[in-house]
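Please construct the entire structure, taking both the sequences and the accompanying hints into account.
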Amino acid sequence: MSVAASVEVPGWNAPTSRARSVLRVGMRVGQVVLFLAAVFFIVAPLGWLIVLAFSRGFSFPSLVPTSFTLSWWHTVLASPGLLHSVVLSVTIAPVVLAVSMVICLPAAYAIGRYNFPGKRFVLLSVFSINAFPRISLYIAMIPMLFLLNLMGTVIGVVVVQLIGTILFMTWIPATGFAAIPEELVEAARDAGASKVQVFWRVLLPLCRPSIAVAAVLSFLAAFDEAQGTFIVGAPNYLTMPVRMYSLVLDYPVQFAAVFAVVLSIPSVVLLILVRKHLFAGTSAAMHLR
Amino acid sequence: MSETSVSTEVAEAVVGGAGAPGAPAPRARRSRRSAEGGSRGGLAGLLGYLPVAFLLVFGGIPIVFSLLLMFGHLGGPNAAISELGQGEIPAHGIGTLGAITQLFENASYRQDIFATVMVFVVTAAVVLAIAALLTFWHRLRPSKPLAVLQFLAVIPLFIPVVIASFSLWTFWGDRGFTNSLAQLAGWSNGLIFSGRIQGVILAETWVSLPFAVLLLRAGVASLGDSSLDAGRDAGARPFTIARRIMLPQLRRECTVVFCFTAVGALGSFTVPYIVGPSSPVMLGVDAVNTYTAYNQPQQAAVIGFTIFVLAALIGCVYALGSRSRRVGRG
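These protein sequence lines are chains A and B, in that order.
Heads up: the first sequence begins at 1 in the working numbering, then just goes up one per residue.
Heads up: the second sequence begins at 1 in the working numbering, then just goes up one per residue.
Just so you know, the hints here were simulated from the structure itself, not pulled from any lab data.
Owing to the predicted nature of the structure, the values given are computational and were not obtained by experimental measurement.
For each residue, glycine too, the CB sits at the ideal point set by N, CA and C.
A portion of the hints provided could be inaccurate.
[Stated by the list, open to error] Pairwise CB distance ranges, derived in the manner of DEER restraints:
hint	chain 1	residue 1	chain 2	residue 2	range
1	A	A187	B	G76	54 to 64 Å
2	B	N289	A	W200	44 to 54 Å
3	B	G87	A	A44	42 to 52 Å
Okay, here's the thing in structure tokens:
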């Protein structure tokens, strides 16, 4: 039975041509209103942040700064505490990424290329961790981290940031490995390639885009992670996002705005670079079986 | 319903099962063939379980420890944290409900729970409504403005949550853009959302919108033209087609969007910490404050458990919402 035949659409009357034209105008107006609302709701706050980062001050309720300045940028870039946070962030996030790759890429390969008992359980377990309310998971981790003497340590911070990378680093490469046609592997084997050669020369190069997307997402997940790092790392390890918490409360708003712009640069640049692969990769990962 | 089973249910919907939207069929066939071709147990299984082992050690087992702590078992694995904590209520026998009753007898804690429930329910409903409006409308009447709108809705994905929260806090603050605009327009009451629960809802909506739009966009793309054309041929208006044809077919996707947005808002800390009021606070902020500021890990564990229970309730909503049988897609 066709879908069209099975669909019932009761309760309407065919509109007149006048009603149709009113509807068309109404839809156009609606689109314009929606567009303006979206710009105001989504884009304007980010634009306001950038204006703040270059403003000397505001004379409330003026919408324009009294004057523009780069002095906040000099202050932020000369602040040793903030620089320490930058160094911590750019050091810890790559470490998290490396550990995540060591743990997850072999699993992604196994999931993508082999059947093994409990494969679906593994996939669902990895997914499930993202379905947990994150903050309660971090709170629940505290006794374990105390037991292992990891509270207030850099290893503890790495562990807590790793949680947010597991899904990306397992699912997206697993999709990439699974999508490689078996015929290619068989052709390589027929040509005399060993299993290791097939992996290094066929599978890995073909899966590189998926791994790259997963790596970018995992890096950003670690780089931007704030709440778990705050619980586990503070006050010893204040990464850039964690530092934002105190900046919001204790510093002039322009100072925090500059820091926010600096902090968002890596995310924006990396995500723009991989945006096409990102949407394709995550979409495919959502359908991995 | 346990939290794990809830997650599994939600996961199954997104993993694919019978109804995942837009699954690339030829790709999936290749995947299955390649996986079957290399069917092996031992080493592949070991490698496959590596992330699960990590999550078990730092996710599963800690939840058990936390439950023990909540019921007053301060020794064993909880000894280290208990030595440093304050206001603990030790178990006598199999356990105590002391910490739980202590918190629930506190009117402020009950207000926090109410505020949290209100935030995640309203946020999930608003996000679902906006995402459905954008994606359904674009499917029925494709246009450039709507395509741009969908692009705008995905922008928050590119912004770290802490930056988004700060940005929204300044924008809606007492000296922010919206209030300045209101004052200039002669509205003496002003337009301030920062430091208010409404601000938390707006900010949660801001950060949750991309996932919802992406998922529903995939869903509407997978709808067959035939069913929509049948509605059009019968003279149905777009709203009627959306309500009577599209919505029933996308019920599972809508449920996933609602539940995931709700769980995300429920477990959030950064948005309510920066944008929200000092009282009532959302449970995530409450849990962190209880642990870091008041040094009460047992009470923090109770709050964490409350969040888990609320998440399980959201899972029940998912289970109910996804029961409907999907009609075929052309």
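Cβ separation of N289/B and W200/A, checked against the hinted range 44 to 54 Å: 51 Å, holds
Cβ distance range 42 to 52 Å for G87/B and A44/A, holds or violated: Holds, at about 45 Å.
Status of the given 54 to 64 Å range, CB of G76/B versus CB of A187/A: Distance hint for A187/A, G76/B holds at roughly 57 Å.
Violation of the numbered hints given earlier is absent; every hint is satisfied by the structure.
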